[in-house]
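Colleague: Chains as they are written, first to last, in this note's numbering: chain A, 1 to 208; chain B, 1 to 162.
Calculated directly from the structure, the hints in this document are not laboratory data.
Be careful, since some hints might not be right.
Far from chain B, by Cβ distances over 12 Å, these chain A residues were calculated [said to hold, decoys possible]: (1) D10; (2) S11; (3) H13; (4) E19; (5) N22; (6) L36; (7) S89; (8) N95; (9) T100; (10) P102; (11) E105; (12) N125; (13) S205; (14) L208.
Which bits of chain B does chain A cover? Going by a derived footprint, with three or more residues having C-beta under 8 Å, they are [as the list claims (entries may be wrong)]: (15) 1-14; (16) 135-143.
Mimicking SDA-like on lysine to any residue, the simulated pairs with C-alpha atoms at most 20 Å apart in a straight line are [said to hold, decoys possible]: (17) K18/A <-> V50/A; (18) K158/B <-> N108/A; (19) K168/A <-> K157/B; (20) K160/B <-> A130/B; (21) K6/B <-> S61/A; (22) K6/B <-> S53/A; (23) K157/B <-> D171/A; (24) K172/A <-> I61/B; (25) K82/B <-> S122/B; (26) K168/A <-> D66/B; (27) K153/B <-> K18/A; (28) K168/A <-> S56/B; (29) K172/A <-> E111/B; (30) K157/B <-> V50/A; (31) K106/A <-> K157/B; (32) K172/A <-> S52/B; (33) K153/B <-> P110/A; (34) K157/B <-> S53/A; (35) K168/A <-> S52/B; (36) K157/B <-> D113/A; (37) K6/B <-> V50/A; (38) K115/B <-> I129/B; (39) K153/B <-> H13/A; (40) K6/B <-> D171/A.
Quantities reported herein were computed from a predicted structural model and do not represent experimental measurements.
Cβ coordinates follow ideal geometry from the N, Cα and C atoms, glycine included.
Here is how the chains run, residue by residue.
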Amino acid sequence: MSKIDLNNIDSVHFDVLKEIGNIGAGNATTALSKMLNAKIDMNVPKVDLVGFSEMASIMGSEEDVMAGILLLISGDIDGMMMFLLEVKSARSLVNTLMGTTPDPEKENSPEFDEMEHSALSEIGNIITGAYLSALSDLTRLNISASVPHLQIDMAASILSVPAIEFSKVGDKALLIETQFDDDSNINGYFVLVPDLDSYDTILSSLGL
Amino acid sequence: MGQVIKVGMADLNICTVPDSLTTLGLGSCVGVALYDKVTKVTGLAHVMLPSSKEISNNSNIAKFADTGIDETLRLMREKGAKTENIVAKIAGGAQMFAFSLRSNDMLNIGERNVKAVKKKLSELNIPIIAEDTGLSHGRTVIIDSNTGIFTIKAVGKKLKEI
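With the hints as extra help, turn the sequences into a complete structure.
Modeller: As structure tokens, then:
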């Protein structure tokens, strides 16, 4: 029997997951700041277990176009990890990385050309990589990630992928919301989806 | 103009004239719209997983193709719909991320959802008269009880009525 029931999580387990989110997101922020060579502050991440229907509405509206970067994780734990960005934030990150002057007309456009697409994938790769390496250091577990896959579409449709994974074990998903705060106000969200056995592996590795 | 009633993820609902049902941003999930051509009683289920029998945590019957469709049908019958007058229109079941490796089970979930929905509907003898499934983009759907028209919205694409 699994130690964790996502529908009735106890407060100790919840705090641990919250701390994992905190450390992971902190590391990801540092990586982002180095990559952009800019000071980026991070708000304390909000960690929540939310019902599927609320998931997209926390980020805005279900139909808001967002960029989602998905990686499969394997090793001592299995599952998937997703990083979501508002299109505006994605655009601003791409511009900063590529040194292009922001084009106000393109600010909210969901169209990214091949070069921008690959820059965005790389940003996702670095951010999620930093997140996972923090998790790996903390738990001393071996965690490897697949190449990143990028999709730009309605928030709810992108979120359906991790939500379906969560739905196999419960009716809620674990959402870690991180707000990066530089001048351009970049908002990002992490969704970590270990499979149910992997929750146990994580908790055991921390002596719980 | 009637109300537009929202159906969330792993949720279902029914309506009658003049209302409509909508579900926003279907990805790998499937939106199953059922329409009684005579009484115009309309139902919409937002299915996340193919079968309630494969999963131990199956208390939410709206989540699965099999139990979700059964329940939608039951509620529609309560409002006077007859199974023999009901037709189905389905949308969704996209593969949102193009993974080529590993665990097809996890990644072909959209396709498996569509298959499960079709199987269930065929067991119930409900014909599927229109569908917009698969590919790799999200969809918002609206079913109008006045006309039975199923409208599909997608990012960067034209409105589609089926």
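Colleague: State the violated hints by number, sorted upward, taking the hints as numbered earlier in the document.
Modeller: Violated: hints 19, 23, 27, 29, 30, 34, 39.
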